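Protein chains: 4
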Amino acid sequence: MATHRFAPTGYHNVIGSLSPALHVADGDIVVTETLDAAGHDKDNIQRAPRGNPMNGPIFVEGAEPGDSLKVEILGMVPTRDTGFTGSVLASNVVDPRDVRGLPERANAIWRIDREALTARLLEPVAGLEDLTLPLSPMIGCFGVAPSLGQAISTATSGEFGGNMDYRLLGPGTTIWFPVSAHGALFFLGDCHAVQGDGEIVGTGIETTFEVTVRLSVEKNRMIVWPRGETADDIFTIGNARPLDQALQHATSEMLRWLGSDYGLDKTAASHLLGQVVRYDVGNVFDPAYTMACRVSKSWLKRR
Amino acid sequence: MATHRFAPTGYHNVIGSLSPALHVADGDIVVTETLDAAGHDKDNIQRAPRGNPMNGPIFVEGAEPGDSLKVEILGMVPTRDTGFTGSVLASNVVDPRDVRGLPERANAIWRIDREALTARLLEPVAGLEDLTLPLSPMIGCFGVAPSLGQAISTATSGEFGGNMDYRLLGPGTTIWFPVSAHGALFFLGDCHAVQGDGEIVGTGIETTFEVTVRLSVEKNRMIVWPRGETADDIFTIGNARPLDQALQHATSEMLRWLGSDYGLDKTAASHLLGQVVRYDVGNVFDPAYTMACRVSKSWLKRR
Amino acid sequence: MATHRFAPTGYHNVIGSLSPALHVADGDIVVTETLDAAGHDKDNIQRAPRGNPMNGPIFVEGAEPGDSLKVEILGMVPTRDTGFTGSVLASNVVDPRDVRGLPERANAIWRIDREALTARLLEPVAGLEDLTLPLSPMIGCFGVAPSLGQAISTATSGEFGGNMDYRLLGPGTTIWFPVSAHGALFFLGDCHAVQGDGEIVGTGIETTFEVTVRLSVEKNRMIVWPRGETADDIFTIGNARPLDQALQHATSEMLRWLGSDYGLDKTAASHLLGQVVRYDVGNVFDPAYTMACRVSKSWLKRR
Amino acid sequence: MATHRFAPTGYHNVIGSLSPALHVADGDIVVTETLDAAGHDKDNIQRAPRGNPMNGPIFVEGAEPGDSLKVEILGMVPTRDTGFTGSVLASNVVDPRDVRGLPERANAIWRIDREALTARLLEPVAGLEDLTLPLSPMIGCFGVAPSLGQAISTATSGEFGGNMDYRLLGPGTTIWFPVSAHGALFFLGDCHAVQGDGEIVGTGIETTFEVTVRLSVEKNRMIVWPRGETADDIFTIGNARPLDQALQHATSEMLRWLGSDYGLDKTAASHLLGQVVRYDVGNVFDPAYTMACRVSKSWLKRR
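Residue numbers (numbering that gives the first Met the number 0), protein chains in the order written: chain A, 0 to 302; chain B, 0 to 302; chain C, 0 to 302; chain D, 0 to 302.
Don't read these hints as lab results, they were simulated from the structure. Each hint can be trusted.
Sample of chain B residues at the chain C side, in silico, Cβ under 7 Å: (1) N12; (2) V13; (3) L147; (4) R240.
Under the rule of at most 20 Å between Cα atoms (straight-line distance), these lysine to aspartate or glutamate pairs were calculated in the EDC-like manner: (5) A/K265 x B/E122; (6) A/K300 x B/E128; (7) C/K300 x D/E128; (8) C/K265 x D/E122; (9) B/K265 x A/E122; (10) C/K300 x D/D129; (11) D/K296 x C/D129; (12) A/K265 x B/D129; (13) C/K218 x C/E71; (14) C/K296 x D/D129.
Keep in mind the model is a prediction, meaning the values are calculated, not measured. For every residue, glycine included, the Cβ atom is placed at its ideal position computed from N, Cα and C.
Chain A with its partners taken away, still in its complex shape:
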């Protein structure tokens, strides 16, 4: 199991069947520095066009369509002292009649304290003078090449992953993506220091990170939507609009998972989910919204 330091020479604003920038073996570790969502690096120099430029693709040996790519998020270290956020709620997350009353969008800068692991607004905002947020790093956008040789904008998401902006996708979490291309072709970027549910100002605190992931192939583990696991929970992710449909995808995927790995037929799974399921909202800003279906591992026995 090798560890690769991956320093991209180019970035991509799509996730798709592009020429690999790195080849790794099954189980290898990759350490790489990501740009922020606007394409700036840790020195605030523009290295790529805005819109979630990705590091990748990383070709994982042995990965073929029908497999799953297991991505363990081993670490995320912030590499810059500033991050930026949108300053106003997105027009699609308030009542349409209230849109006119929203101020114009601007960018706000946050000071990131990399020792204390906190973030504060650089310019004081009335009422938030004391606001100091603990960092809670997460990967906003990552995934594998979608089916059919598609290449899809990093502004959106799908079965292949993409711009999901789900809070739990940080260090300690493992996520599985359905492999659709030879070598899986993994991409990542768009990391956030902090983010509320929904990414409702159109951003988290957007900054640069050094990210460490381990990439492994699970052969013939056919999944439809991304699946994940934290210390406490398992979860599945649906990406679609409206949220209702994202919730349907995530729930259907959980039903499949509970059936294949936890010995619960559809009735048993219904009993369990009906009384213990938790739904988490990922992105409600992008063309596809994200909903996670989550179950505490305390209720489950893996077969």
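We have chain A already, so just place chains B, C and D on it with the hints.
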């Protein structure tokens, strides 16, 4: 501040401008026993037609349109040793293509241990032999008479409250409803011993409770959607379909609340919500879905 | 078959189980003058609060739950020389990002020529100097008391009908509503001289009419959603949000109708609908949207 | 203005920035034979994988990002005596509770009479023995390479066009696509002999055609969504889920068009659209649904 023991002589399957069954003063406490969602009482005798029969309406003196009715949930004591649940996921919470593969719906019975405060399936289900759920009581359906003299089925919800099925609406929580009728006309019922997010099998563990609430009038506190408070959080509730719209209503209401009571203009509120908001899914089974917008009180200073 | 001239002494902003204002026999004709959506009569005098005040309820003898009420729209004669419209697209029918660019809403007045049966804007608008619209009268809001004794705002719609704002609901059209209350309890009002699909400025040309309808009971004709018939077509109506769900309701109802009355099982109905169905958009302004599923009678043979 | 007979040597199941298969000059005519949606040619031989294989891409000289590609559909001649359809309504177009009652999907074959220009089911279906449908050819899927070098499955649609399945996209219609790539890179395929609104059985009558189009570049005509024109109407197209959002996109695009080309500011456009707009439903089967916003040219004066 009197305490009323309210033993209804009739029940209602709507929330609306009906003849009051009880008059209370501002700040009074009401103790009442609720039927289960199917209309059965603590002795399993059918007392009302199925479909969330309500205790009420309770006329609260001094409540007028433009006020808010504050409902403190002081206690919920289960009064029966059994509860029932639907046995299969609702057809609207899975991928439409997966509906055909779901089993037919039946009712399952749960044994409620009122000493240990736990629930277990009465008939064993493969894979769930050890499942013992701690009770987490909540009120599924409550609210006040809607505007215009409307009377609306307890199968759904709206600005006035109704069948929201939100997990946090249990003991220790306070909720405010917008008053639209003289005396507010408060109803409650449909209590659950346990329920996952979304009420995705169409029920929580449906059983009977003795519920204790305090009802107070907040004069001229004009709100549009229900607001609530727990020990840790404040939240607002939107009821609509799709979930996207419920989320919009809840977010707009939170924006109003942060502005009026916490000194945050729309930019400040956007900064805060963008990085700390939590969304919780209530009902995704009924005609109107429910979404809560929740903020930790640790970030807020009430003016 | 009697003809009743119905001159209401009061109006209602809900459709529900209220005290009948008129009793008619099965098959009787009713002639009545409606207020405009803002509650003004033909002399522009405010007679009722704004929000689609209804004439009714009309108790139809013999109508019981499980029956259908057949409403033949025999005539609509405009009774005023003016109508009003909203002046700007509703904020929910444009991209949320475009809402800020819309002007503020105002009312515009239209001159109705009751001889020529046309309408023109009273104040000239640049680019529309020559716009003369032929009248195409329709009933915006009508229906029967909903189930469970509910009373529902005339701002919205449901299985019982309500504020559907569907262009084809004018003279020559017949519509059936599912009866849920003793006597059906029929209401009507909110008539439009002209209206585009969707009622996307929040109004049609809102004015007053003398409306003539025949009300008949079809015993034991159990329907779920409104059904209709014009000279050329049959149609079903779904009312819900999002439009996707309204379309589902309307399609399911058409499937039932083709099965029971036209001898088409679900496969045959699918073949036919798949290649000839037309969908029409009713209201996309109100809490529930309206979609009609329409089939040309040229493809159908009634059994 | 040359005419090119384009006989593809390969087909694509995505629309994107692929290597051009043909170069044409601005204003040239292309004649090409399309496969059916399942990849079969006029001799029923499989030539490409199923899923709307496309002819293309066609590089149009002079087309650059910021331009529009004008596509005039000059002719569509059916080239096979059979077409196929799905035999049952898609599970997403009926009430979720009705899905279980639908039969299993199969393919049905239709006999196409290329002299009479009609289609009939090959195997008799009870109740449809006399059903003979006049052909109404249309292009189900066409468009130009999307932005950012994306390549997107022909199962869906977006600003760039794609699988819109809108009935009016047949001979005599002109459509404009927003150019995002050097040379526009035009694709077409998936033609239907007949199709109802919504493509609600998942297909029209899928068969092969010889299609003739003229491709022209309109320099610096920046559009966001496809626009079209028939003999009688102009229309704009939105592609998204839910239908509500597709309707928003189409309406916003029509507002832009009426402003730039017809001298109507937002108030004037609102007045006109409010009373005369028509909405047509394209695809409600695919990941993105399609809604057209249509206005009769009789109301418009081009500047």
